[in-house]
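*Asks:* This is what each chain is made of:
There are 2 protein chains.
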Amino acid sequence: MTQPEIKRLLVNFKTLEEFQNFKEVGVQELSMKEELQENIIENDSESPFYGIYYGDRLVARMCLYKIDAKFDFYFEPPQNYLELWKLEVLEPYRGRGFGEALVNYAKSFNLPVKTNARQRSDYFWEKMGFENVTYNPERDRGENPYVWYPEGVEPQEQSPVQSDMTPPE
Amino acid sequence: MTQPEIKRLLVNFKTLEEFQNFKEVGVQELSMKEELQENIIENDSESPFYGIYYGDRLVARMCLYKIDAKFDFYFEPPQNYLELWKLEVLEPYRGRGFGEALVNYAKSFNLPVKTNARQRSDYFWEKMGFENVTYNPERDRGENPYVWYPEGVEPQEQSPVQSDMTPPE
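As given, the protein sequences belong to chains C and H, one line each in that order. Throughout the first sequence, residue numbering follows full-length UniProt numbering, covering 1 to 169 in sequence. Throughout the second sequence, residue numbering follows full-length UniProt numbering, covering 1 to 169 in sequence.
No lab work stands behind these hints, which were simulated from the structure alone. Just so it is clear, the structure is predicted and the values come from calculations on it, not from any experiment. No incorrect hints appear here.
Note: identical chains are not told apart, hence a pair may lie in one copy or across any two.
The calculated EDC-like cross-link candidates involving lysine to aspartate or glutamate, where the alpha carbons are at most 20 Å apart (straight line), are: (1) 33 - 122; (2) 7 - 44; (3) 66 - 140; (4) 33 - 140; (5) 14 - 56; (6) 70 - 157; (7) 86 - 140; (8) 7 - 88; (9) 14 - 29; (10) 107 - 126; (11) 14 - 46; (12) 86 - 5.
Chain C with its partners taken away, still in its complex shape (with noise of 0.2 Å):
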């Protein structure tokens, strides 16, 4: 099988019409739209999402975010790294490696990945060299976080966690 190819997506209403086929329509895509309508971004420009077209239907995608290193509180030393979210193939094409290959393009950038994992994907997330991290609610915040570490990155420690709430009076 041939390596599916990643292209960026551009921000533009072919896009998001595109977009409507996927489940998680969420603030991503409308604030992308917004931004679009009100021309705060130009007609083509590059979005966070990347995603893989089958003839020209885009049939795989995923955002993928550089989040700055002030809030990096997964790796260390901290750094810049990857949010990797909305990760999704249509149904149809399931089952090909196009999943697989955008979290390896993910990968290509050699800096930190981190997901929040959906329930029943630990298998997917742990073939792809990702790790569970112990989990810390008030960092993690009811998310599952998946992470991959590039080499010479360890996981950032946590310091115990407060549980001091106290109701008011």
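Start from chain C and add chain H according to the hints.
*Replies:* Same frame as chain C, but now just chain H:
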């Protein structure tokens, strides 16, 4: 209508059983279960969940966690704040003000409150005095944050977004 009583939920098997009636069983509950089974926390310790009982049935709940100031990128001055999530009222008990009562309880600590609002819940949060923040993908990573500012607390200014992500050669 009398004000419903808000209880801090105890960590025990009864609470975990009640949780099965709610939609979103996530890592917070799983971590509670594990810690309970492995005796890392004691039976009947206080959990970060608060709820409302109707008779002896848990019918509404939320998770409320005090987040340390070092993780605060929402409020000025940076400070400890409360993250509210997993707000849910069981279907037959909706429309009785249980959700409002829980959110008001969160506000009564007089700390800033932040939540990641579900799509189409904007009206509820605005009614509760929360405000939408300007979406910053680096900080918000796909979330839809709504926040409540106590008196004297302001939005934290964010540095302009970097979108300098260059694919590897």
